[in-house]
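Enquirer: Given chain A, work out where chain B should sit, using these hints.
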Amino acid sequence: MDENGKKSLAMVVMSGDMDKLFGAFIIANGAAAMGMDVTMFFTFWGLRAIKKNVSTGKTFFGRMLGAMYGGDIMKANPSKFSFGGLGRWMFGKMMGGHNVQKLSEMRDLAVELGVNMYGCQMSMDVMEIPQEAFIDGVKEPVGVGFFLLKAQDAEIQLFI
Amino acid sequence: MSDDIKVDLELDLKGLLCPLPMVRVSQNITNVPVGGVIRAVATDPGAMADIPAWAQSTGNEIMSAGKEGSEFVFLVKRVK
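Those protein sequence lines, which keep their order, are chains A and B.
Using our numbering, read the first sequence as starting at 1 and increasing by one per residue.
Using our numbering, read the second sequence as starting at 1 and increasing by one per residue.
Think of the hints as simulated: they come from the structure by calculation, not from any bench.
As the structure is a prediction and not an experimental result, all values here were calculated from the model.
Using N, Cα and C, we set each Cβ at its ideal position, and we do this for glycine too.
Keep in mind that a hint or two might mislead.
Said to hold, decoys possible - Derived Cβ-Cβ restraints for the label pairs, each shown as a range: (1) Gly71/A - Gly36/B: 38 to 46 Å; (2) Val126/A - Gly59/B: 41 to 49 Å; (3) Glu3/A - Asn28/B: 24 to 32 Å; (4) Gly97/A - Asp8/B: 32 to 40 Å; (5) Lys6/A - Glu61/B: 15 to 23 Å; (6) Leu149/A - Ser70/B: 41 to 49 Å.
Excised from the complex, chain A in its bound form (with noise of 0.2 Å):
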């Protein structure tokens, strides 16, 4: 429970796959809706789930990663059926088929309920991804010893 007694929910998001981002943005808008206090720690490869399309990267690798892992969150592709791009395209015409929003929607959406968006401080200084990247809404950069916290008061917790 956090201080106002609410639940609360802790997530590590380490996944930037298209699948693991649905199931870890609708697990916590869901949350939010019935009254949870979430907070949601993305690390490693879940970073460009909370980034704007902008180029990133100061050294050599950093920009290389940059080029080949950029864009935002729309770029995210299935774990299975990749197929350089093609699956995230089938996914993505069969979940509007069927009027499931888009994974950027449901982040706006987590943005709008007040979920608690954190960058891991240690992934974006390695992957040279500064604050500035990230979409309005997400908090300043914390630890894993804030993570720590959060989860030890917390009802559910879940790494995606």
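Expert: Using the frame of chain A, we list chain B on its own:
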């Protein structure tokens, strides 16, 4: 049956999929006064489980939940 219940807000959730029916109910519950009633109509069968779970978690009341043709109709009362 529900004819004598005063509905404060009609909510059209048709076509929405998980988790949106539940999210929309939660976003709109504060638009009715305490004791007020939302009549929500969804087409997602999952809402039959989700909206009552939302009510249980948030301390609100499902006065009725039922299938009418291909639609799922809920009367949700704001308790607090």
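Enquirer: If a hint holds in the structure, say so; if it does not, say that too.
Expert: Going down the list of hints, with the structure as the test:
For the pair Gly71/A and Gly36/B, the supplied restraint of 38 to 46 Å holds, since their beta-carbon distance comes to about 44 Å. Judged by the Cβ atoms, the range 41 to 49 Å given for Val126/A and Gly59/B holds: they are separated by roughly 44 Å. The given range of 24 to 32 Å is respected by Glu3/A and Asn28/B, whose C-beta atoms sit roughly 27 Å from each other. Taking the beta carbon of each, Gly97/A and Asp8/B are about 34 Å apart, inside 32 to 40 Å as hinted.
Between Lys6/A and Glu61/B the C-beta distance comes to about 20 Å, which sits within the given range of 15 to 23 Å. As the Cβ distance of Leu149/A to Ser70/B is approximately 47 Å, the hint placing it in 41 to 49 Å holds.
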